[in-house]
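Please build the complete structure, drawing on both the sequences and the hints.
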Amino acid sequence: MKKEFSVQTHSTSELIDITQEVEKAVAACKVKDGICAIYIPHTTACVCINENADPSVQSDIRNTLDKLIPRDAGYDHAEGNSDAHVKASIIGSSRIILIESGRLLLGRWQGIYFCEFDGPRKRKVILKVLGS
Amino acid sequence: MKKEFSVQTHSTSELIDITQEVEKAVAACKVKDGICAIYIPHTTACVCINENADPSVQSDIRNTLDKLIPRDAGYDHAEGNSDAHVKASIIGSSRIILIESGRLLLGRWQGIYFCEFDGPRKRKVILKVLGS
Amino acid sequence: MKKEFSVQTHSTSELIDITQEVEKAVAACKVKDGICAIYIPHTTACVCINENADPSVQSDIRNTLDKLIPRDAGYDHAEGNSDAHVKASIIGSSRIILIESGRLLLGRWQGIYFCEFDGPRKRKVILKVLGS
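Protein chains in written order, with my numbering: chain W, 8 to 139; chain P, 8 to 139; chain L, 8 to 139.
Calculated from the structure, these hints are not laboratory results.
Some clues are possibly wrong.
One copy or two, either will do: identical chains are not told apart, so a pair holds if it fits within one copy or between any two.
In silico lysine to any residue, SDA-like type, Cα no more than 20 Å apart, as pairs [said to hold, decoys possible]:
| id | residue 1 | residue 2 |
| --- | --- | --- |
| 1 | Lys9 | Gly109 |
| 2 | Lys129 | Glu28 |
| 3 | Lys10 | Arg130 |
| 4 | Lys10 | Lys39 |
| 5 | Lys74 | Val14 |
| 6 | Lys129 | Gln15 |
| 7 | Lys131 | Ala35 |
| 8 | Lys9 | Gly114 |
| 9 | Lys131 | Trp116 |
| 10 | Lys10 | Gly114 |
| 11 | Lys74 | Gln15 |
| 12 | Lys131 | Arg115 |
| 13 | Lys10 | Ala80 |
| 14 | Lys129 | Val38 |
| 15 | Lys129 | His17 |
| 16 | Lys129 | Gly114 |
Quick caveat, the model's predicted, so the values are computed rather than measured.
Written out as structure tokens, the structure is:
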């Protein structure tokens, strides 16, 4: 079953906690035992799972990626957002979350993050839930 | 259902657009609603999703990775291709694409790329399509 | 079907070959044709697939990541393990392995590695096997 929702970012580089939206979408699918594939249909955005307790973890992720892959570093691509394409390719456009007893099987400290590296933008997150 | 096809690379580091091959394989499976798992059974190669409009995005990805993880950087592994193992481990050997109405649910600017970092080689891409 | 097992790490940064544990768990599921989703429910750990022949590949992966994302680099997060969160986010908390004839469809040189970047810790690996 497919589900989707929108995400609005407000700066160039941003991580947004989408755990609740994913949980709601999975609950609506009524699948008790299976997997949820999260897919980002954009080329400067991606999805990752990380700590949801301290927001500074998200800024550390953004800052570290910005240091490693700077916005301006003499790229070939003329649109000025090559760093965002590289970051999104490395982190990846998909993640799998397990579903058990109808709920996301996340670790105690884990949240699901939509990551944009060329915002602000209105973006889409698509989910597919498989199982029974 | 399992499908596979071959890819031939022609240089050390290369990204090859495999979107059409994946689309063809998925169409042959006649699954309308599900997921396609793409798997690369090699240790110096991997798969990523990125922009398919401007080829310079692919060269930017290759060049950025080469700067971050140089070919010669005093690695322990004696075969001289440790950079390729690291790059492939970071980007990852698998990606999930969603299938809706029998077609790959890719974003408008997205293509699927086979990435080799220790070519030229003849390589294999394996797909598994799940759904109904 | 869900399976899980524990992993004990002994140093800050460690890659542990979990191929046999995953193979055993998949065999117990009696699924002949499908996928195995591997999921790490921790925020400083992740999973990757790489060469299992020469252990120096694993130390090269660890050392390269430590050079790129040093343990101490003026992070915002106060717990002193931000590097581990960043590394785990980049490599990723999930991988998909294909199952064919009841066996993991790994490449000849591939092994599955649990990666911890803030050990030593006792950790959990969770698998979900889908198929028939």
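- Task: Hints the structure violates: just list their numbers, smallest first.
- Result: 5, 11, 13 and 14
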